[in-house]
Amino acid sequence: MSLRDGPLSDIKPPPAWLAVAALLLVAILSMALFAGGRHGDAVSSARRGTDGALGAAGDVLSTPIRWISDLGDMGRDYVLAGTQNNQLRKELATAKAMRDENAALREENARYRALLGVNTDPPLPRVFARTVLDARGPFANTRIADAGAERGVVEGNPVMSENGLAGRVTGVAPRVSRIMLLTDVESRTPVLIGRTNGRAILTGDGGANPKLAYPRTHDAIREGDRILTSGDGGVLPRGLPVGVAIKGYDGGWRVALDSDASPIDFVQILLFKDFSQLVPAAALEPAVLPPTATGAPAQAPVPTAVSPAKRSMPTGQPAGKAP
Amino acid sequence: MPSRPHSRAVQPLNPIDWLLSPMALCLAASMLLALPIKMFGLRLPEPVFAMAPAFAWAVLRPSMLPPLALMVLGLFQDGLWGGPTGLWPLCLLLLYGLAFSVRRVLVGEDFWALGAWYGAISAVSFAGGLLLMTLRAGEVPSLLGLGLQFAATLVLFPLSWLLIDRFEDAAGRYR
Chain Z
1 MSLRDGPLSD IKPPPAWLAV AALLLVAILS MALFAGGRHG DAVSSARRGT DGALGAAGDV
61 LSTPIRWISD LGDMGRDYVL AGTQNNQLRK ELATAKAMRD ENAALREENA RYRALLGVNT
121 DPPLPRVFAR TVLDARGPFA NTRIADAGAE RGVVEGNPVM SENGLAGRVT GVAPRVSRIM
181 LLTDVESRTP VLIGRTNGRA ILTGDGGANP KLAYPRTHDA IREGDRILTS GDGGVLPRGL
241 PVGVAIKGYD GGWRVALDSD ASPIDFVQIL LFKDFSQLVP AAALEPAVLP PTATGAPAQA
301 PVPTAVSPAK RSMPTGQPAG KAP
Chain F
1 MPSRPHSRAV QPLNPIDWLL SPMALCLAAS MLLALPIKMF GLRLPEPVFA MAPAFAWAVL
61 RPSMLPPLAL MVLGLFQDGL WGGPTGLWPL CLLLLYGLAF SVRRVLVGED FWALGAWYGA
121 ISAVSFAGGL LLMTLRAGEV PSLLGLGLQF AATLVLFPLS WLLIDRFEDA AGRYR
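Taken in order, these protein sequences are the chains called Z and F. Take 1 as the starting number for the first sequence in my numbering and just add one per residue. Take 1 as the starting number for the second sequence in my numbering and just add one per residue.
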């Protein structure tokens, strides 16, 4: 007997009920995905594939627009050649003065380093890329750049425009990478205030000027203070230019980003290895908690529950040599 | 404002016409506006195209297909814009659910009344997105940015009206 001839054959739920059932089912599924996280393991591989496809499509679609834009730039340069020439002469005069000053400071720094025996960081290798897609809404400020794992880019790499830090890599496909900008609502960046060496967390909110949250400084922040990456936590190198402090419309301190001074169509991705890339996260957690001195009489040690993975981990191994 | 032309011959609702074609247009338009283009020194607006058909589908007829289509569109938006997976499906489904719940009121209304409903319901949908992102990020997203995106999305209402107007007669039996 087929289902059509069964006792349920006469039951025909109204279309509205079916629509509501589908709506609830899909809503529950969406909630599960949302709760799963932006970079959850279950969706990360799918997102890599999506980013790769979208990046390729964006590259193709933006090519004719880029040609037209280049033609416009050529025309404008031709018309404004005289003005630009005068401006460049002024900038060259300033740059020559700065060059002489820099040479003196470099020589002085080298002597101090030799005296103190300081090991300076080697120059960071970098990859140049062009952004092909751009999200600028209140809930996500990201870009897709046309350089990916094939060129050595990994998640966490800092991304610079020609003027300053723009964001960091949050997803990598073979040929493209997703960049989370400093203005993204989920972006948090440890920074320092150049004048006072105080610390703060640069917190994006989807607007053009991210907030300076949790400022810890002996002197108050002032308008125009230079903001640099602090390097705290090892996620970013220290000293990358971020911007200048400004008073926000809400009365709090915000940052006018250096990267906004010019279009970030072209970016450089610094192949900087943060601490989390050098050592597995599990190896950073202490296997056994250190003893606490409470003044209470000594007791027999309580057995600690340690996972098999941690139990098998060799102790005393330098973090930098962990696999 | 536009009146409803009732002289058109009644055609059956074909999912390709009322569902898949608007979906494809939304995907293409979202993709185009995500290109890093500046016009007159300004970046392009970033409306949520999928809200226009979501509203129209809720008004046209009850069906199991629009929620599934909205999930696909929402996931595409999440992938395109790099936001948390599931955010835009939830916002779109909220809009669809609200519009569907007041469907009997919406059917037969004129351009301005439907436009007002569209504005109110899409505002609630954006507020839902704001709440979800605030809970997730621990930071209230920029209200200025939210307002701009809402305004750009509001401008899309005529597209929703066109879809309703075109298939209203075919969907008449579902009133």
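Fair warning: there could be bad hints in the mix.
As the list claims (entries may be wrong) - These stretches of chain F come out as covered by chain Z in the derived footprint (C-beta under 8 Å, 3 or more residues): (1) 15-28; (2) 36-46; (3) 76-84; (4) 87-101; (5) 156-163.
Stated by the list, open to error - Looking from chain Z toward chain F, a few residues come up when the C-beta cut is under 10 Å (computed): (6) Leu33; (7) Arg106; (8) Thr217.
Hints in this document: simulated from the structure, not taken from any laboratory. Computed from a prediction, not measured in an experiment: that's the story for all the values here. Positions of the beta carbon are idealized from the N, C-alpha and C atoms, including for glycine.
Results for each hint:
no.: 1; hint: 15-28; verdict: violated (count 0)
no.: 2; hint: 36-46; verdict: holds (count 5)
no.: 3; hint: 76-84; verdict: holds (count 6)
no.: 4; hint: 87-101; verdict: holds (count 7)
no.: 5; hint: 156-163; verdict: violated (count 0)
no.: 6; hint: Leu33; verdict: holds (3 Å)
no.: 7; hint: Arg106; verdict: violated (37 Å)
no.: 8; hint: Thr217; verdict: violated (21 Å)
Consistency note: the structure conflicts with the earlier hints numbered 1, 5, 7 and 8.
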